[in-house]
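**Student:** Heads up: the sequence lines are chains D and E, in that order. Quick note: the first sequence uses the working numbering, first residue 1300, plus one each step. Quick note: the second sequence uses the working numbering, first residue 945, plus one each step.
Source of the hints: derived by calculation from the structure; they are not laboratory data. In this text, all values refer to a predicted model and were calculated from it rather than measured experimentally. Hints are not guaranteed to be accurate.
[To be verified] Cβ-Cβ distance ranges computed for the label pairs, FRET-style:
no., chain 1, residue 1, chain 2, residue 2, range
1, D, W1369, E, S953, 27 to 33 Å
2, D, A1426, E, T1184, 41 to 47 Å
3, D, L1321, E, R1166, 37 to 43 Å
4, E, L949, D, P1366, 30 to 36 Å
[Claimed, not checked] Once the Cα atoms are required to be at most 16 Å apart in a straight line, the calculated EDC-like pairs of lysine to aspartate or glutamate come out as:
no., chain 1, residue 1, chain 2, residue 2
5, E, K1296, E, D958
6, E, K1128, D, E1325
7, E, K1320, E, E1047
8, E, K1397, D, D1333
9, E, K1296, E, E998
10, E, K1229, E, D1187
11, E, K1128, E, E1144
12, E, K1296, E, E1047
13, E, K1128, D, E1410
Don't be surprised by glycine CBs; every beta carbon is placed ideally from N, CA and C.
So you can see what is in the structure, the chains are spelled out below.
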Amino acid sequence: MRYMVVPGIIATFSVAIIIVALQLDESPAMIVGDSMQPRVFPILLMVINLGLAFFLFLQYRRENPKPLAWEGLQTSGSVALFALFYPLTVYIDMMIAIAIIMFAMCYLWGERRLYVAGAIALATPTAIFFLFDLVLRVRFPRGIFTNWYYG
Amino acid sequence: MVDALQAMSSVIFDPELIGLILITTIMGVIIGVLPGLGATTGAALLLPFTLTMEPVHAIAVLATIYVSATFAGSITAILINTPGTAAAAATTFDGYPLAQRGEAGRALGIAVVSSTIGGIFSVIVLCIAAPLLARVAYEFRPPEYFALALFGLSMLASISAGGTIRNLIGGVFGVWLATIGAEKTTGVERFMFGTYELYEGLSFVPVFIGLFAMSELLVQSRRLNQVIDTITMKAVKLPTKEDYMRIWKTVLRSCGIGTFIGVLPAEGATVASMIGYSEARRWSKNKDEFGKGAIEGIAGAESANNAATGGAMVPTMVLGIPGSGTTAVILVGLLVHGLRPGPYLFTEQVDKVYQIFGAMLLANVMFMALGLYAAKLFARISLIPLPILWPIVFALAVIGAYALNSSLLDVWIAMIFGVIGFLARRHGFAVAPIAVGLILGEMVETNFQNSLKMFDGDWWIILTQPLAAMFLFFAFLGLFGSSIFKWISKRRKQSL
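Only chain E is shown next, with the shape it has when bound in the complex (with noise of 0.2 Å):
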C-alpha cells in the first residue's frame, strides 16, 4: 500500500509528466467541447502522437484525455444545449434550462464539481479494487477468460446504443475480424485474400480510427445547416453551501452507480449518466424541477459519467476487458506501449500501473480547475465552424493510421472502415461493439482452443468450473435478463 502511493505520488515530483497532463487536460476539454469529437474519437487520433513516449506517459496521456474530454461534453451541453459527448447527454436536460435562467455560471460550478468529486471517488476505487480483482484473476484458466470474454460481448450487446441485435451483430463482426490473418496455433492463413500485410491480422489503430473518426466525419458532413442557439455567461460560479446540502446525497449515490457500471465491459459514461440523472430524479424531493433546471440532474449526470471513467478502466488493465469505447483505445495503447493488461500486470509493473492512476488522478484535479477558469473560452472553441474543424481531423486520422507501421494499407483499411462504420450507425448500429469485438475476438478463440485441449475435446466441461459457469450465467443474463424479466412480468399480470 505504501509502495502504490509512493508510485502514485511520483507523479508530482515528475515535471516532463504534470506538463504533459496539463498539455493533454486542456486538449481534452477542446475535444470534449467540440460536438462530434469525443473521448473515443480524440484518445483513438491522440494514440500514434504517444508512440515516441514512454509507456507510462502515453498511458497517461490518453487517460488524461478519457476523463477530461468526458467531463467537458458538459460545457457545450450547458451553453449551446448540444452534449459534446454521448456522456453529457442527460447533462443537457437540466443544464441548459439553467443556463437560459441566466445562471450558467452556477450551471457549470456544479458540473465541475461533481465531475472531479466523480472522477476522483472513482480512482480512489479503481486503486483498491484493482488489485484486489488482479489477486482474483491470477486463479483464471482458460475456460474462466472464455467464458469472461463472452461475458464482455453479451453485456455490450444488452447496454451500448443501438439495440440488443444490432449490437450483438457489430459484435460477433468485430470477433470475426480479429480471425483476419494467420491463425495463432496452426500458422493457417484465413481471409487475408493474398494481401501478405495482413499475416499478423488488423492493426486496431487503423480500424479504431476509421471506426471512430473518419465515420465521424461523414456523419458530421450531415449537420451542417444546423443552428446553434449559444448563452453567454460572466463567470463560473462555485457551488454556493445551500447548493451543496442539496447534491451531496445525489453526488454521492451517482458516484456509486457511475463507478458500478463503469466497471461492467460496456459503454459505461453514457449508460451511468443516464442512470445517475434517473436515480437523482427518482430520490428527489424536488421531482417537478427535473428538466426546467433542477441542480440534483446536472450533479446526479456528471458525477455518474465521470466516475464511470476509473469504473471502466478496472477490466480493462486486470483482465484486458474494455470497460468503453476509450478504455478499447486506452487497451490498445497498453499493448503498443508492451503493457499487457491483465493480473500479471500488477505484480510485473506495479508502479507503472500506479502512476497511470496517479496521473488520472491528477487529470481530475486540472480539469476542475481549467473548468472553473477557463470554460468560457473553451466553450468559445465549441463554435469552430465544422468546415474547418473536419477536414484538419481528416488530416489527422490519415496520418494516425498510416504512422504506426508506416504502412498505407492501414490508411485503406482506416477508410474502408470509416465508411463501414457511417453505414451501420446510418442504419442504427453502434460501432463500439465492433470495436470491443475485434479486441476479445483473439481472447475468445485462443481461450476456446486451449480449454478444449484442457478438456480433450469436451467442451461442456467449460460449464462444470465454476467461475466459468458463473460468466456464462451472466453472459446469458446479459443477453436474455430483459425479455426473461418482461415475460414473468406479463406472466404475473396475466394470472392477476
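So here's chain D without its partners, still in its complex pose (with noise of 0.2 Å):
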C-alpha cells in the first residue's frame, strides 16, 4: 500500500489538473490557428506525468524502500512557523513577524541562551530592513512597525 503513496498523490494531481485543464476557457480558432488550444499543453503534460507516475509506482515496488520515519520537531515546528507567518505578517507587521519567527526558530532549533536568539532576531530583520529601504528602496507592507516608520 505505501507503494502507492508518491504515485497516487502524483495521479490525483495530474487528474485534478487535467479536470481544471478542460474547463479552462477555448480560444477561437481564428486566433490559434494551427496551433492549439491552450488548454492541450498543460493536459499533454499530465498525461505524460501519468505515465510517469505509473512507471514510479512499478520502481517503488521493485526497490521496495524503507518506510519513512516521522519527522521530528525541529522539521514540523519550522513548517508550523512558516504557517505562523502568514498571520503575523497579514495582521501585525512583516518586520516583527520575521523577527518573532527567527526569535523562535533559534529556541526551537536548539540555542537555549535568550539574549544570543534575541539578539539575532532583532539585528538581522532591522539590518535588512535599513539595506532594502534606504539602499534598494525596497517599501515593505503596513503593518505597526512600517506605519511608524513611513509616517
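Combine both chains into one complex, guided by the hints.
**Tutor:** Below is the structure:
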C-alpha cells in the first residue's frame, strides 16, 4: 500500500489538473490558427506525468524502499512557524513577524541562550530592513512598525 | 577578438566592479563552506540584492558566487569531512584522509590550485566556444529551439541526482508551473484560480528561493544533532614540484571533462567532479592510494567541478538553457536585468558579455588568493551553529522573495515551494529539475506552437528538420540511452 502513496499523489494531482484544464476557456480558431488550444499543452504534460507515476509505482514495488520516519519536532515545528508567519505578517507587521519567527526558530532548533536568540532576531531584520529601505528603495507592507516608520 | 579582449580587460579598470567581485568572492567562499548553503541557494538569496546594480555588475556578482562557492565546498570537505556543496562530495574521498594524516594544508593547496586552473580553463573555453555556438544558434528557428529545450529537459532527467523517473516528473511539473498565468498568444487564463497577480505567470525568484533556500532550511532542521570532527592545520601549502608532476595530467583531463559536462544541460559541477575523480583513479598508477589520501583524487575532483562552472555558462548565455541549478538562477538574473539570453546577446550586447567573462576570470584568481591565505579562517565559519545560521537564512529568503515585485504573494509562493521542495527531497526527488523545467517551460510551449504554425499544424515535420531531428535524437538517447545500452550488453552476454 505504501508504494502507492507518492505515485498516487502525483496521479491524483495530474488528474485534478486535467479536469481543471478541460474547463479552461477555448480560444477562437482565428487566433489559434494551426497551433493548439491553451488547454492542450497542460493536459499533454499531465498525461505524461500519469505515465511517469505508473513507472514510479513499478519502481517503488521493485526497490521496496523502507518507510520514512516521522519528522522531528524541529522540522514540523519549522513548517508550523512558516504557517504562523502568514497571520503575523498580515495582521501585525512583516518585520515584527520575521523577528518573532527567527526567535522561535532559534529556540526550537536548540539555542537556549535567550539573549543570543533575541539579539539575532532583532539585529537581522533591522539590518535587512534598513539595507532594503535605504539602499535598494524597497517599500515594505504596512503594519505596526512600518506605519510608524513611514508615517 | 581584440574587442573581446578589450571588453574583458576593462574589468580591471572598473574599481567598483573589482570591489564587488572581491566582496562577492568572500561571500561566495563563506556560502560555500557553510554546509547546506551551496552556490545555488547563495545565488538565489543574493539575486534580490543585485536589483539596483548595473546589469554587468549584477551578473558578475552572481557568477562570482557560482565559481567561489563551488571551490569553497572543498575547504570543509577536507577539514571536517562535510562537503560544503554537493560538487565537493568527491573531494572528501581523499581530502579528508590526507588531512587526517596531518597534511591538511597540502590537501587544501592542491584543491585551490586545481580549482583555479579548472575555472580559468573553462572561462577561456567559454570565451572561444560561446561566440562560435552563438553563430550556429542564429540559424535556429522554433522547431530547433523546441527540440533543444526537450534535449535540455531530457539531459537533466538522466544526469542529475534523484533517478530518471523522479527527475522527469520534477521536470514535467516545472514545465507545468510555467503554464500558470495568461497564455501568451491567446490571453486565456490558466490555473490562476482568481489570483490576478499570477497573470504574468509565476515569478522565478520566489519559486527558486523556496525550492533551494526554504527547502534546505527544512532539510537542515533534521541534521541538528550531527557531531562534526574538525581537523586543525597550520597553513595552506602550495603544491611542490613533485606534486605538480603527479597531478598535471589529471588536472588537464579533468578540465576537459568538467568543461564538457558543464556544457551539457544538467547538474554540471556535481557530476563533473564525480567523473573527474573516477577518471583520475582509472588513469592513476597509484590506484591503491585512492580513498586514503591520493592527491590526484583531490585534483581530479576539484579541477573538474570548477571547470564545469564556465562550461555551464555556455548554454545558459548562448541558448537560454541553464547548464545547472545555479546557472538557472543566473539566467533569471540575466532576464531580470534585461539581458535576454540567446545568440543576439553576442551581437547586441557583446561588450557586456565579455565583461561578465572577464569578471569570472578575475573571480577565479581572487578565490585562489583567498583560498591560500584565508582558508583556515573560512573553515572556522563553517562551525557557526545551525540554530543561528538558518533563522538568518529564513529572514534573507523572506525579504528576498518579497523585494523583487514588492509582493506578499511572492513570499507565500516561496514558502509553499519550500515545503514542496522539502517533501520532494524527502522522497528522493531533486529540486533542480523543477527549477529548470520552469525556465524551459515557456520555451518548449511557445516554440512548439510556433512550429505548428510554421508547418500548418503538421507537428511531425519537426522531425524532418535536420538540426531539430538531431536534438530530438539526443533527447531520445538522454532518456533511453542507458536502458538501450544495458539491454544490448545483456543480449550480448546471453549470446556468449
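**Student:** For every hint, state whether the structure bears it out.
**Tutor:** Hint check results:
1. For the hinted restraint 27 to 33 Å between W1369 (chain D) and S953 (chain E), the CB-CB distance of approximately 58 Å leaves it violated.
2. For A1426 (chain D) paired with T1184 (chain E), a C-beta distance near 45 Å keeps the hint of 41 to 47 Å intact.
3. At about 40 Å, the CB distance of L1321 (chain D) to R1166 (chain E) agrees with the hint of 37 to 43 Å.
4. For the pair L949 (chain E) and P1366 (chain D), the beta carbons lie near 60 Å from each other, so the given range of 30 to 36 Å is not met.
5. The suggested pairing of K1296 (chain E) with D958 (chain E) holds, with an alpha-carbon distance near 13 Å, which does not exceed 16 Å.
6. With a C-alpha separation of about 14 Å, the suggested pair K1128 (chain E) and E1325 (chain D) falls inside the 16 Å cut-off, and the hint holds.
7. Distance hint between K1320 (chain E) and E1047 (chain E) is fulfilled; the C-alpha atoms sit about 13 Å from each other, no more than 16 Å.
8. Only pairs whose Cα atoms come within 16 Å are accepted, and K1397 (chain E) paired with D1333 (chain D) is accepted, the gap being roughly 5 Å.
9. A hinted pair counts as satisfied when its Cα atoms are at most 16 Å apart, and K1296 (chain E) with E998 (chain E) qualifies at roughly 10 Å.
10. At most 16 Å may separate the alpha-carbon atoms for a hinted pair to count; K1229 (chain E) and D1187 (chain E) meet this at roughly 14 Å.
11. As the CA atoms of K1128 (chain E) and E1144 (chain E) are separated by approximately 9 Å, the hinted pair is consistent with the 16 Å bound.
12. Restraint check for K1296 (chain E) and E1047 (chain E): not satisfied, since their Cα atoms lie roughly 43 Å apart, outside the 16 Å limit.
13. Between K1128 (chain E) and E1410 (chain D) the CA atoms are separated by roughly 49 Å; this puts the pair beyond 16 Å, and the hint is violated.
In terms of the numbered hints stated before, the structure departs from hints 1, 4, 12, 13, listed from lowest to highest.
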